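The residues making up each chain are set out below.
There are 2 protein chains.
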Amino acid sequence: MSTIAVSRRGQAMPPSPIRKLIPYADEAKRKGIKVYHLNIGQPDIETPPQFWQAVKDYSNKVLAYGNSQGMADYLARLSRYYKRIGLDINQDDIIVTTGGSEAIIFAMTIISDPGDEIIIFEPFYTNYNGFAIQAGVNLVPITTTAETGFHIPDDSEIEKAITPKTRGIMYCNPNNPTGTVFTESEIARLKNICLKHDLYLLADEVYREYIYEGKHISLMSFTDIADRAIMLDSISKRFSACGARIGNLVTKNKDLYKAALHMGQARLCAPTLEQIGASALYELTDEYYKTTMHEYQRRRDVVYDALQKIKGVVCLKPNGAFYVMAKLPIDDAEKFAKFMLTDFNYQGKTVMVAPGPGFYASPGLGADECRIAYVLKIDDLKEAMAILKMGIDAYNSR
Amino acid sequence: MSTIAVSRRGQAMPPSPIRKLIPYADEAKRKGIKVYHLNIGQPDIETPPQFWQAVKDYSNKVLAYGNSQGMADYLARLSRYYKRIGLDINQDDIIVTTGGSEAIIFAMTIISDPGDEIIIFEPFYTNYNGFAIQAGVNLVPITTTAETGFHIPDDSEIEKAITPKTRGIMYCNPNNPTGTVFTESEIARLKNICLKHDLYLLADEVYREYIYEGKHISLMSFTDIADRAIMLDSISKRFSACGARIGNLVTKNKDLYKAALHMGQARLCAPTLEQIGASALYELTDEYYKTTMHEYQRRRDVVYDALQKIKGVVCLKPNGAFYVMAKLPIDDAEKFAKFMLTDFNYQGKTVMVAPGPGFYASPGLGADECRIAYVLKIDDLKEAMAILKMGIDAYNSR
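First to last, the protein sequences are chains A and B. Number 417 marks the last residue of the first sequence (our numbering); no jumps. Number 417 marks the last residue of the second sequence (our numbering); no jumps.
It is worth saying that the hints were derived from the structure and are not from the lab. It should be emphasised that the depicted structure is a prediction, and the values quoted were computed from it without experimental measurement. Do not take every clue at face value.
No copy is singled out in the list; a pair is fine if it fits within one copy or between any two copies.
Said to hold, decoys possible - Below are the BS3-like pairs computed for lysine-lysine, each with C-alpha atoms no more than 25 Å apart in a straight line:
hint : residue 1 : residue 2
1    : Lys184    : Lys80
2    : Lys271    : Lys215
3    : Lys357    : Lys50
4    : Lys354    : Lys39
5    : Lys354    : Lys408
6    : Lys80     : Lys309
7    : Lys357    : Lys328
8    : Lys408    : Lys357
9    : Lys48     : Lys277
10   : Lys336    : Lys309
11   : Lys354    : Lys215
12   : Lys53     : Lys184
13   : Lys277    : Lys354
Please model the complete structure; the sequences and the hints are all you need to start from.
See below:
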């Protein structure tokens with residue numbers, strides 16, 4: 020009989036709300052039902068062949084540790100990529116991490132001590148919660164709404180959330196889960212608040228290339244905040260290489276860089292072979308980015324149009340990333356998502372969505388919202404959205 | 020002018036004492052000096068071709084996320100491997116991690132809250148320090164000495180270190196940096212202390228196969244401590260695949276497993292392609308393990324014999340892993356290690372060692388000790404040890 024308990028933070032670590040329904044999906048599949056996965060940002064787009072070729076061509080006999088800050092060749096290519104898109108980012112401003120995830124954990128750990136606070140706009144990427152608990156940081160949410168396209172509120176609203184424990188403000192642009200693209204003036208406002216209140220500003224920009232209307236404004240283009248800007252990045256979505264776990268952190272603050280390097284040294288290095296592959300991906304030309312962006316744009320249009328045809332849906336057209344956060348005419352998104360897997364199918368097919376509450380820190384919010392990831396081929400998406408519509412009807416008449 | 024500081028823990032994050040001399044080594048290499056690296060556990064043994072073949076054969080077009088707990092096929096092979104070596108470890112006792120490093124961070128985070136303590140035997144693997152700072156855990160060192168072969172002290176000595184904040188005891192077997200193989204009775208003593216005082220017992224067993232005298236006793240072979248035993252493992256040293264960053268955590272405690280799984284879900288998964296390669300490695304037969312062990316044994320003998328011929332060296336014969344922690348006739352190991360890179364070479368060659376102090380948490384200890392990793396071919400090792408001897412003489416007559 021055990022008398023030993025897991026730590027408080029171990030107990031607090033939340034299951035991924037995106038992944039916790041997987042057992043129901045597995046059960047549906049065992050029954051022979053086809054499940055369209057709109058719940059997770061795992062695109063069906065092929066990882067460019069350059070990745071696979073670079074891995075196959077790697078001829079070292081020993082799979083050795085790389086440098087803790089990243090392999091030299093990869094750092095050089097990353098820097099070239101940033102300069103090509105107009106950002107003055109040098110090799111020694113970059114720490115290569117194991118996925119964007121590790122970049123976020125590094126950043127949270129380096130700017131905050133346990134009990135400190137980071138302000139964030141909800142709904143937000145649900146795994147920020149797990150990283151914050153791991154880092155002992157309290158996420159302080161500022162709510163944004165479907166009705167206003169999830170744009171950020173007035174300065175006064177943001178400044179109200181600042182306390183002596185606040186260490187930074189974090190945002191994701193374009194945003195996961197809402198698809199919102201933040202404007203230059205929105206980011207400038209955040210920047211000015213951070214300068215005024217001595218806060219770090221963290222920008223997750225992993226969906227940078229997926230902008231369908233407007234323009235992507237990188238945090239790193241504001242030079243007057245260079246000492247407190249932290250950019251988080253990853254190849255996962257850019258190159259449909261989620262399983263590679265290659266991300267990176269960018270900072271011009273040398274103390275911050277040093278602390279990140281030391282964290283990197285403790286865990287030795289990011290995966291070597293996957294960095295070799297990633298390196299080749301940054302040699303892709305504009306054509307790749309354009310083609311991929313247009314494909315997602317077409318998918319966005321399919322999903323958005325289908326949502327508009329469902330009575331009771333609230334959702335402004337998202338301008339970026341590959342997600343929609345939509346208010347659906349349902350009473351409980353958790354129950355609905357489960358219902359779709361356990362109690363519904365149309366001709367042996369169903370749809371998995373990510374329930375809204377997991378994307379909010381404030382209790383009770385998101386109960387009638389779902390995140391839809393448009394990561395499937397157009398034909399699949401069309402069918403999935405038709406099934407979703409039928410599922411909503413069935414759920415409401417059960 | 021920046022007014023913003025890095026967090027206290029960010030500032031406290033230590034540079035790797037093994038890696039911090041790299042700039043001096045790079046400078047020596049730029050001058051054309053050959054540097055024998057005895058400072059880092061990066062073997063020159065080839066990663067088995069099965070790894071490379073599996074990676075080349077992988078035919079998926081999308082490099083997708085794997086399961087957060089590890090890919091199903093890899094979990095199955097890991098479980099088979101453990102059963103083959105007599106350990107009753109099932110797939111659902113295992114969480115695949117990004118290197119042994121992540122397994123340690125997960126374990127520390129899940130058993131402790133910030134300010135809690137974990138007891139450890141020094142000298143210890145230096146990166147435990149960085150992980151503990153990241154997790155907000157205080158490592159409480161119990162000193163072991165070269166004169167006693169770095170074996171653990173009496174129970175009373177260990178129990179004195181236990182406070183209300185102690186959450187566990189951690190050891191590495193066979194040990195990095197000392198090469199000590201702990202006996203069954205030593206581990207049983209630790210186990211009984213943990214049962215008596217309600218503590219977790221954490222065993223880093225990544226060098227399990229490298230035992231030259233005696234027998235490896237796994238923590239997981241003690242069934243009465245199943246609720247509080249945590250084993251940390253990795254393919255890095257076992258298969259000379261350090262750059263793969265594939266490790267795993269083993270626990271029979273379901274609450275602990277759940278917390279580790281949730282941490283795993285936040286960061287999504289360990290690298291996919293490297294798991295594919297790792298999976299093939301666990302199909303290697305006993306012949307591979309025997310051959311590799313014998314190679315390291317011969318290297319151990321070369322290094323140990325050479326050390327015995329240096330006057331003033333104190334070091335019992337290490338029985339496992341691929342490290343020796345030796346007291347050398349020098350006043351300051353940090354200065355000596357730097358001297359070897361900046362002020363000494365023999366016929367254009369020199370040696371890099373890891374200074375002792377980085378492996379101790381108690382200030383002042385290890386000043387006359389160095390860790391030597393016997394990770395090079397016999398001929399290289401012989402030459403490196405001869406150069407080390409000459410370097411010590413030169414250092415002492417400078």
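Status of each hint after checking the structure:
no., hint, result
1, Lys184 x Lys80, "neither (50 Å within a copy, 46 Å between copies)"
2, Lys271 x Lys215, "within (19 Å within a copy, 50 Å between copies)"
3, Lys357 x Lys50, "within (15 Å within a copy, 65 Å between copies)"
4, Lys354 x Lys39, "within (13 Å within a copy, 53 Å between copies)"
5, Lys354 x Lys408, "within (16 Å within a copy, 72 Å between copies)"
6, Lys80 x Lys309, "between (37 Å within a copy, 20 Å between copies)"
7, Lys357 x Lys328, "within (23 Å within a copy, 71 Å between copies)"
8, Lys408 x Lys357, "within (15 Å within a copy, 69 Å between copies)"
9, Lys48 x Lys277, "between (48 Å within a copy, 24 Å between copies)"
10, Lys336 x Lys309, "within (20 Å within a copy, 63 Å between copies)"
11, Lys354 x Lys215, "neither (44 Å within a copy, 45 Å between copies)"
12, Lys53 x Lys184, "neither (48 Å within a copy, 51 Å between copies)"
13, Lys277 x Lys354, "between (46 Å within a copy, 23 Å between copies)"
The structure is inconsistent with the numbered hints 1, 11 and 12, although it conforms to all the rest.
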